[in-house]
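Q: Sequence:
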Amino acid sequence: MSARPDFTAAERGDLVARWRMVAAGFRSLDQNLLAAGGVLLALGIVFAMAASPAVTARIQVEDSFHFAARHALFAALGAAVLFAAAALPLIAVRRIGAVLYLLSLVLVGVAAFFFPDIKGAARWISLGAFSVQPVEILKPAIIVVWAWMLSEHLKRPGFPGHWAALASLVPAALFLLAQPDVGQTALLGFVFGVMLLLTGVSWRWLVGGAVAAAGMGYALYLFEPHVRARVDAYLNPEERGYQVTQAIEAIKAGGLFGAGPGEGQVKRLLPDAHADFIYAVAAEEFGLFASMGLVALFVWILWRGLSRASRLIDPFAQLAAAGLVTLLVTQAAIHIAVNLSLIPAKGMTLPFVSYGGSSMIGSALAFGFILALTRKRPGAYLYDGGVQ
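Start counting at 1 in the sequence shown, then tack on 304, and there's your number in the working numbering.
Everything labelled a hint here was simulated from the structure, so no lab data went into it.
A portion of the hints provided could be inaccurate.
With a cut-off of at most 25 Å between alpha-carbon atoms, the simulated BS3-like pairs for lysine-lysine come out as follows [said to hold, decoys possible]: (1) Lys423 / Lys650; (2) Lys650 / Lys556; (3) Lys680 / Lys459.
Use the sequences and the hints to build the structure in full.
A: As structure tokens, then:
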């Protein structure tokens, strides 16, 4: 028999103190936001299990639950990233955000110019069996950088925070448009505009940004066949893309209560049913109530996240939290809108729910940053008694 380890009273006291510190740190996180993120992670695994057999059968993979198992692994990695990011102090969020921005910006450029197109766009860096989409890390990182620059302007009006933030956006937008990835560029542009509004920027900035975005969009429509094909398919319902048509039919077929787990057909017809069209899979198999439940979760994250951010005292924490919440919820809205044929197809994932390691890690990083920024700390909120 092995002897039980003997701990001295001092060692036992140290272990207890460390455990209490970890427990206190966990309790300081917003439990409502944390619960919403956990539910999304769990739903993502359920939907991946529903979609995986049909997808693997179509591409002739022997393991029926190949994608479900990988998604569960991604979810576990995402949870680890989420909690690691949530434990960071504000200064570490700023520094890590800046470092990740620089690294991911370079990788987005590398993907655009040195890696081949996949489905009409060069968005991936492929290394053997692994592929990485660096824009998923760029998104939360650049929002942290914007919050840093804009908050410095609020603290020191002479500091050109708006111009510094714009300077960080321009190369990212150019690299993304070179891929081309209009959807992610538009998403970042929208979040940037929201953050400018929160700082009380002049209307000239917003008008100028809207004009520039419209001009770039029109130029891409004229000169980029990949973009023109998607817009034309959207503007001509009779020529609507096959994938969007199947997604709409699946949502209709789901009705109120759905066809049942594993009984849907859309996952057998769409190559990206487990990623870009996971909302349609959920609606067909689990019905309107389940699909509206997904919408309600993101609405709750929006309300809870912005309400917490609005009461923060530190300008950086306030802007970063609001920007990151806007990022996640707007991305979810774009995904759902594409599935409902409200906007042209974008190839946008549903945070925490769609299949994809890069998307999962990027969403987890953003959510972890939100939890770190909104964590209960002495003097963090305008009135601590109102923070539950």
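Q: So, for every hint listed, does it hold in this structure?
A: Do the hints match the structure? See the list:
{"no.": "1", "hint": "Lys423 / Lys650", "verdict": "holds (12 Å)"}
{"no.": "2", "hint": "Lys650 / Lys556", "verdict": "holds (21 Å)"}
{"no.": "3", "hint": "Lys680 / Lys459", "verdict": "holds (23 Å)"}
In the structure shown, no violation is registered for any of the earlier numbered hints.
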